[in-house]
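Colleague: Line by line, the protein sequences give chains H and A.
When we follow the working numbering, the leftmost residue of the first sequence carries the number 1, and every step to the right adds one.
When we follow the working numbering, the leftmost residue of the second sequence carries the number 1, and every step to the right adds one.
A portion of the hints provided could be inaccurate.
[To be verified] Heads up, simulated BS3-like pairs for lysine-lysine below, C-alpha to C-alpha not over 27 Å straight-line:
#, chain 1, residue 1, chain 2, residue 2
1, A, Lys136, A, Lys333
2, H, Lys398, H, Lys28
3, A, Lys254, A, Lys268
4, H, Lys28, A, Lys352
5, H, Lys28, A, Lys268
6, A, Lys268, H, Lys266
7, A, Lys155, A, Lys254
8, A, Lys155, A, Lys44
9, A, Lys268, A, Lys253
10, A, Lys332, A, Lys117
11, A, Lys308, H, Lys398
12, H, Lys79, H, Lys28
13, A, Lys308, H, Lys28
14, A, Lys213, A, Lys254
15, A, Lys333, A, Lys120
Just so you know, these hints were derived from the structure itself, not from any lab.
Bear in mind the structure is a predicted one, so any value in this text is a computation, not a measurement.
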Amino acid sequence: MSVIEYDVIVIGAGAAGLTAAAWLAEQKLRVALVTAGEPTACLSTGCIDVCSRSDQPLHGIAGLPDEHPFHRVSPETLKQALEDFRRMMADMDMPYEGTLEENRLVLSAIGTFKTTCLVPATMHASPQSDEEKIHLITFTGLKDFYPGYLLSRLRNASFSSYDAGVSTTMGIAAHFEDRAFLETFLLWLERQNIREDKIAFPAVLGLESSSFVLNQIESRLERPVFEIPTLPPSMPGRRLFNVMKDHLRRRGGVIYWNWPVVGVEKSGRQIEAVTTEAQGRPNSLNARAFILATGSFVGGGLYANRDRIVEKVFNLPVFAPENRDDWFEQDYFSMNHGIGQAGIPVDEAFCPQGSPWNNIFVCGSILARTETLKNGCGHGFAIATGRAAARSCLERLK
Amino acid sequence: MTFEHCIRCTICVENCPVFRVQPEFPGPKQAGPDAQRFRIGREKSIDDWVLLCSQCKRCEMACPCGVEPAQIILRVQQRYGMEHPHSPAHLLFANNYYLSALGSMTAPLANRIAATKIGKKILGQMGIATYIPFPKFSFKTLSGEKKTRSRGNRKVAFFYGCFINFYRPDIGRKIIRMLQSFQINVVLPPQVCCGLPALGNGNLALARTFAQKNVASLSNYIDAGYDIVYTCTSCGLCLLQDYQGILEIPEAKKIAENSYDLHEYLLKLIAEREISPVFREVNRSLAYHIPCHLRALKIGYPAADLMKRIPGLDVAILDDACCGLSGSYGFKKTNEAAACELGARAVSLIRKTGAEAIVADCGSCRMQLSGLSTMDAFDPAEILCESLGIRNKK
Numbered sequence: 001m002s003v004i005e006y007d008v009i010v011i012g013a014g015a016a017g018l019t020a021a022a023w024l025a026e027q028k029l030r031v032a033l034v035t036a037g038e039p040t041a042c043l044s045t046g047c048i049d050v051c052s053r054s055d056q057p058l059h060g061i062a063g064l065p066d067e068h069p070f071h072r073v074s075p076e077t078l079k080q081a082l083e084d085f086r087r088m089m090a091d092m093d094m095p096y097e098g099t100l101e102e103n104r105l106v107l108s109a110i111g112t113f114k115t116t117c118l119v120p121a122t123m124h125a126s127p128q129s130d131e132e133k134i135h136l137i138t139f140t141g142l143k144d145f146y147p148g149y150l151l152s153r154l155r156n157a158s159f160s161s162y163d164a165g166v167s168t169t170m171g172i173a174a175h176f177e178d179r180a181f182l183e184t185f186l187l188w189l190e191r192q193n194i195r196e197d198k199i200a201f202p203a204v205l206g207l208e209s210s211s212f213v214l215n216q217i218e219s220r221l222e223r224p225v226f227e228i229p230t231l232p233p234s235m236p237g238r239r240l241f242n243v244m245k246d247h248l249r250r251r252g253g254v255i256y257w258n259w260p261v262v263g264v265e266k267s268g269r270q271i272e273a274v275t276t277e278a279q280g281r282p283n284s285l286n287a288r289a290f291i292l293a294t295g296s297f298v299g300g301g302l303y304a305n306r307d308r309i310v311e312k313v314f315n316l317p318v319f320a321p322e323n324r325d326d327w328f329e330q331d332y333f334s335m336n337h338g339i340g341q342a343g344i345p346v347d348e349a350f351c352p353q354g355s356p357w358n359n360i361f362v363c364g365s366i367l368a369r370t371e372t373l374k375n376g377c378g379h380g381f382a383i384a385t386g387r388a389a390a391r392s393c394l395e396r397l398k
Numbered sequence: 001m002t003f004e005h006c007i008r009c010t011i012c013v014e015n016c017p018v019f020r021v022q023p024e025f026p027g028p029k030q031a032g033p034d035a036q037r038f039r040i041g042r043e044k045s046i047d048d049w050v051l052l053c054s055q056c057k058r059c060e061m062a063c064p065c066g067v068e069p070a071q072i073i074l075r076v077q078q079r080y081g082m083e084h085p086h087s088p089a090h091l092l093f094a095n096n097y098y099l100s101a102l103g104s105m106t107a108p109l110a111n112r113i114a115a116t117k118i119g120k121k122i123l124g125q126m127g128i129a130t131y132i133p134f135p136k137f138s139f140k141t142l143s144g145e146k147k148t149r150s151r152g153n154r155k156v157a158f159f160y161g162c163f164i165n166f167y168r169p170d171i172g173r174k175i176i177r178m179l180q181s182f183q184i185n186v187v188l189p190p191q192v193c194c195g196l197p198a199l200g201n202g203n204l205a206l207a208r209t210f211a212q213k214n215v216a217s218l219s220n221y222i223d224a225g226y227d228i229v230y231t232c233t234s235c236g237l238c239l240l241q242d243y244q245g246i247l248e249i250p251e252a253k254k255i256a257e258n259s260y261d262l263h264e265y266l267l268k269l270i271a272e273r274e275i276s277p278v279f280r281e282v283n284r285s286l287a288y289h290i291p292c293h294l295r296a297l298k299i300g301y302p303a304a305d306l307m308k309r310i311p312g313l314d315v316a317i318l319d320d321a322c323c324g325l326s327g328s329y330g331f332k333k334t335n336e337a338a339a340c341e342l343g344a345r346a347v348s349l350i351r352k353t354g355a356e357a358i359v360a361d362c363g364s365c366r367m368q369l370s371g372l373s374t375m376d377a378f379d380p381a382e383i384l385c386e387s388l389g390i391r392n393k394k
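All chains, full assembly: derive it from the sequences and hints.
Modeller: Dropping the structure here:
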């Protein structure tokens with residue numbers, strides 16, 4: 001039984017899927033997005049890594065191996081996709097800073113620096129060296145954020161601790177949404193006589209109102225303030241996801257939560273519908289085309305058996321290093337594990353290679369040879385391929 | 001999926017409305033899969049904070065690994081209920097069905113008492129919160145309705161649920177009229193409370209008794225060719241999920257396979273070209289608060305699809321916030337503060353849309369949101385009826 005017919009169904013609610021779905025909805029197509037759960041994007045730092053292997057993202061992309069899927073995205077599409085992303089975030093009062101010309105650094109919770117391209121405005125003032133004079137604010141009892149790590153690596157830093165009455169990032173962020181709490185906190189902060197040039201916070205400055213909270217602190221203390229991304233629950237990741245999904249909905253897209261695809265209806269060379277096991281009876285959704293953006297292993301798009309790797313929705317042919325011994329290196333922390341290449345190989349139109357279906361398009365980290373960690377191809381890659389796959393899908397449907 | 005599939009990613013925690021505002025609650029990850037490892041022995045459960053979970057199921061909707069934290073917690077709540085004496089509030093709300101039956105029988109009196117200062121004081125003494133007005137009992141319940149006449153070939157057995165039966169039978173009557181206007185034959189099968197309030201208050205045995213009665217009745221109707229249509233999303237979730245799951249009712253699968261949300265059912269009939277309603281213009285701007293349990297049904301938002309077809313109607317969909325009441329959860333003194341704070345957030349999101357009224361499938365969401373905002377709150381079926389020109393006889 002299928003009730004509603006869509007033009008396109010996007011599977012996966014990460015940055016790639018949400019970008020593809022929102023763009024297609026903007027083109028006046030009937031779009032539904034189905035997702036097994038919330039995406040790993042919620043756990044991310046919220047930073048948009050385009051290609052972090054060199055100081056300049058475009059340079060980095062040019063230097064990627066020939067078979068890397070980033071080469072399937074034209075520079076114009078990449079530029080347009082990121083510009084649209086920035087506009088969307090600014091419109092929803094969650095502005096991003098940075099440019100495609102140059103990468104930048106953000107300070108991590110252990111005092112190291114991460115290379116990225118676009119950052120939430122709350123991380124705009126993040127230091128670019130370990131020399132800068134920084135005062136850290138932490139919260140009494142806050143788990144997963146230890147100023148000691150930062151102090152040991154930053155030469156000119158000190159810290160103070162505020163008792164927010166709760167000891168979780170979620171709880172503190174919810175408190176910052178409360179104006180009375182913010183005011184009490186600001187008065188305390190003013191009494192600390194901070195001498196350093198910048199003030200750093202773990203990323204807990206509110207959920208919906210982070211821009212407002214940041215501005216309030218900056219104007220009262222008269223110096224730059226920035227957030228340091230934390231372990232999950234990660235507020236910047238959650239803010240990013242919330243804005244992207246609201247944007248999709250405002251464009252008319254429909255989202256089905258907790259809708260893991262368990263079955264597929266086919267006819268000829270076309271996928272006709274995807275099915276989930278709802279409470280009671282199977283529930284299926286029809287569409288003319290499907291965009292697969294289910295992510296890699298952590299996201300749940302790929303699953304490794306002992307002998308081979310499977311793509312979980314359509315059982316598409318998967319590329320992986322042939323010899324299982326080449327999946328992993330000896331060093332656990334290596335960025336270069338062979339398994340990072342696993343994924344779906346696609347043609348110029350982002351259609352899976354060697355698959356019998358002609359109405360599936362693939363984007364995001366499930367693409368073969370992405371090597372997200374090694375190349376620093378994160379949300380930026382997802383947004384760009386999401387846009388490119390959506391465009392190619394639209395052309396096919398015309 | 002078992003608790004062992006949890007990868008500790010904390011996405012459930014980010015989605016937990018209670019965790020946001022109630023520091024005593026350790027969140028779905030800790031209360032569910034994390035603590036589950038320690039619950040295997042025969043020791044008595046001492047974690048009273050499991051009762052702070054409101055069973056909104058948002059954690060289950062968000063989990064990328066298919067773990068069901070709320071389900072784990074629900075089972076611990078039942079175990080806690082078996083091992084500890086029940087508070088007066090828990091006892092009363094578990095037996096809400098009998099209480100409401102009594103309330104409706106004595107409606108003029110019961111409503112007056114509940115609204116007085118002394119009435120409120122007594123409720124307060126029993127641990128019951130009175131920050132929003134108690135719903136008014138209706139003297140003429142839906143269950144007392146005369147048999148309706150058969151018209152077409154389609155046969156529907158309407159599971160109306162306690163809220164409509166005892167408090168808003170007028171909505172129930174409109175729904176029946178609407179179905180009849182599509183030449184559908186509607187009957188009201190013998191039914192009792194779905195059992196969810198009993199489950200929510202740690203009374204597994206009572207919930208099972210209710211479920212068995214309902215299944216025995218509904219099963220006969222299914223055999224006779226009826227589709228079951230429910231309108232309360234929480235009743236629906238209980239019928240579809242809990243009867244098969246925690247309550248382990250034989251034949252529950254049959255009920256689940258043949259039960260439909262009202263709006264899902266209308267969309268199905270439209271898709272099958274059995275009905276083709278002509279929606280007339282309704283000039284309203286509404287904020288559609290999606291009940292948590294509608295999300296949990298995994299059927300999308302069918303009422304939103306229907307309302308989209310109504311010319312002139314402007315509907316903003318809001319599914320990020322729980323109203324905080326969660327059935328009888330917020331009516332307990334211990335949960336009052338959390339319920340108020342969550343409700344205030346939901347109301348502020350609604351106000352941001354600039355809508356003039358609220359629409360929500362769930363009676364208790366409407367109660368909470370209109371109580372806190374003083375805005376009107378409608379059932380989506382009321383909006384459909386308005387558009388279709390269906391009114392109750394005076």
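Colleague: Does each hint hold? Answer for all of them.
Modeller: Each hint tested on the structure:
| no. | hint | in the structure |
| --- | --- | --- |
| 1 | A/Lys136 to A/Lys333 | holds, 20 Å |
| 2 | H/Lys398 to H/Lys28 | holds, 12 Å |
| 3 | A/Lys254 to A/Lys268 | holds, 19 Å |
| 4 | H/Lys28 to A/Lys352 | holds, 26 Å |
| 5 | H/Lys28 to A/Lys268 | holds, 24 Å |
| 6 | A/Lys268 to H/Lys266 | holds, 21 Å |
| 7 | A/Lys155 to A/Lys254 | holds, 17 Å |
| 8 | A/Lys155 to A/Lys44 | violated, 49 Å |
| 9 | A/Lys268 to A/Lys253 | holds, 20 Å |
| 10 | A/Lys332 to A/Lys117 | holds, 18 Å |
| 11 | A/Lys308 to H/Lys398 | holds, 25 Å |
| 12 | H/Lys79 to H/Lys28 | holds, 22 Å |
| 13 | A/Lys308 to H/Lys28 | holds, 15 Å |
| 14 | A/Lys213 to A/Lys254 | holds, 15 Å |
| 15 | A/Lys333 to A/Lys120 | holds, 12 Å |
In summary, the structure is inconsistent with hint 8 from the numbered list given earlier, while agreeing with all the others.
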